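First to last, the sequence lines map onto chains X and Y. All residue numbers for the first sequence refer to my numbering, where the first residue is 1 and numbers rise by one. All residue numbers for the second sequence refer to my numbering, where the first residue is 1 and numbers rise by one.
Since the hints were derived computationally from the structure, they do not count as laboratory data. Accuracy of the hints is not assured; some may be wrong.
[Stated by the list, open to error] Covered stretches of chain Y, as calculated for chain X (at least 3 residues, CB under 8 Å): (1) 71–77; (2) 134–141; (3) 161–168.
[Claimed, not checked] Just a sample of chain X residues kept apart from chain Y, beta carbon distances all over 12 Å, derived: (4) L12; (5) F72; (6) L80; (7) T98; (8) L147; (9) G171; (10) I186.
Please read all numbers here as calculations on a predicted model, not as lab measurements. Think of the CB as a built atom: it goes at the ideal place given N, C-alpha and C, for glycine as much as any other residue.
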Amino acid sequence: MTRSLLLRALALAGVLLLLPAPSHAHLMNTGLGPFYDGVTHFALTPEDLLPALALALLAGQRGSRAGRLALFALPGAWLLGGLVGLAFPTISYAPVLTTASFIALGGLVAAEARLRPEWVTALAVVVGLLHGYLNGAAMAQAKLGTLGVVGIVSTLFVVVALGAAMVVAIGVPWGRIAVRVAGSWIAAIGLLLLGWSLRRV
Amino acid sequence: MTLLATLWPALAWAHVEKGRAEGFLAGVHHPVSGLDHVLAMISVGLWGAQLGAPAVWLLPVTFPMVMAFGGMLGLMGAPLPGVEVGIALSGILLGLAVLAEWRPPLWSAAVIVGFFAIFHGHAHGSELPAGASGLLYSIGFVMATGTLHATGIGVGVIHRWGWGRVALRAAGAFVASAGAYFLWRAFT
Numbered sequence: 001m002t003r004s005l006l007l008r009a010l011a012l013a014g015v016l017l018l019l020p021a022p023s024h025a026h027l028m029n030t031g032l033g034p035f036y037d038g039v040t041h042f043a044l045t046p047e048d049l050l051p052a053l054a055l056a057l058l059a060g061q062r063g064s065r066a067g068r069l070a071l072f073a074l075p076g077a078w079l080l081g082g083l084v085g086l087a088f089p090t091i092s093y094a095p096v097l098t099t100a101s102f103i104a105l106g107g108l109v110a111a112e113a114r115l116r117p118e119w120v121t122a123l124a125v126v127v128g129l130l131h132g133y134l135n136g137a138a139m140a141q142a143k144l145g146t147l148g149v150v151g152i153v154s155t156l157f158v159v160v161a162l163g164a165a166m167v168v169a170i171g172v173p174w175g176r177i178a179v180r181v182a183g184s185w186i187a188a189i190g191l192l193l194l195g196w197s198l199r200r201v
Numbered sequence: 001m002t003l004l005a006t007l008w009p010a011l012a013w014a015h016v017e018k019g020r021a022e023g024f025l026a027g028v029h030h031p032v033s034g035l036d037h038v039l040a041m042i043s044v045g046l047w048g049a050q051l052g053a054p055a056v057w058l059l060p061v062t063f064p065m066v067m068a069f070g071g072m073l074g075l076m077g078a079p080l081p082g083v084e085v086g087i088a089l090s091g092i093l094l095g096l097a098v099l100a101e102w103r104p105p106l107w108s109a110a111v112i113v114g115f116f117a118i119f120h121g122h123a124h125g126s127e128l129p130a131g132a133s134g135l136l137y138s139i140g141f142v143m144a145t146g147t148l149h150a151t152g153i154g155v156g157v158i159h160r161w162g163w164g165r166v167a168l169r170a171a172g173a174f175v176a177s178a179g180a181y182f183l184w185r186a187f188t
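The following block holds chain X by itself, in its conformation from the complex (with noise of 0.2 Å):
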């Protein structure tokens, strides 16, 4: 190569390095985009991932009918009601609601209620149709539209899916038991959370 098509090149590289778009590398500024804001919303948002994951524990109890069946109903019914919370946004913080959910689910886990497959799916549809018209109220506000309530759908099945399978894998006895006290957790902490609401001021 010679002197002066190595000038030039470093010239045009120059040039190049003067032209770029902003990188916009710190997505404090820039969000994730309407979908991954979704994701993100749902996996950051305990309010939001106890339930989900409490259901998905108590469809795992009752075997892999119940997993199966609650693995399209609470994505289901969540996306409905997201559909419905995006078109009439009145109410998008409910926490006497959100928390009895916890407390309820919880309970059941803990308990290890002997549900049917269709209670459970009947209790994945009530849950699903309350947080998903409270999330899509919230992305109604927040201007991220059908897109943020695909992303928190989407990570609702991921979860569920994991979480029911999981459940139905476990082969020992101390394993289920994990569970159980797993569901008192989230059903303790509903309580507490109940306390918080109801808190004179």
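Could you slot chain Y onto chain X? The hints should help.
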């Protein structure tokens, strides 16, 4: 010198929503901040380990749930007389149960543990700091409580050996003595 300096960093709180982190850490810290609570919760695990299945997991499941109920009452401002006395008595009774390897029917062991859990929960609930994130505080609080029970159960594994049974009984005597001290302090 540099190594020592790295052990004392100031808290950066970098990119953390302050109230939420404070809530979780405060929740983790609260159950372990008082010796009376710590001893009682570890004793629940020790007693469960002595009693074996199903008490070994039933008692640690009962305690957090009923304690959370007591915490809810405390948060709501519902009055509960004699909270400190109840906590001290829990230390005495649970310590004596471990000391004597007391084996009551399962349901009555659960009722005893649950009854005293209300006092512990109420004390925690009424002492909660204002402004902390309620949910993250609760998560930290329950996790710390469960970890204390698990510690008791883990230590209680030594019950399978003769020297371990003696050591557990000695631990029960210590807890009962500490409970007596806390009871005396509650009245002075």
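Now for the hints, and whether the structure bears them out:
no., hint, in the structure
1, 71–77, "holds (count 7)"
2, 134–141, "holds (count 7)"
3, 161–168, "violated (count 0)"
4, L12, "38 Å, holds"
5, F72, "28 Å, holds"
6, L80, "25 Å, holds"
7, T98, "10 Å, violated"
8, L147, "24 Å, holds"
9, G171, "17 Å, holds"
10, I186, "9 Å, violated"
Of the hints listed earlier, those the structure fails to meet are numbers 3, 7 and 10, in rising order.
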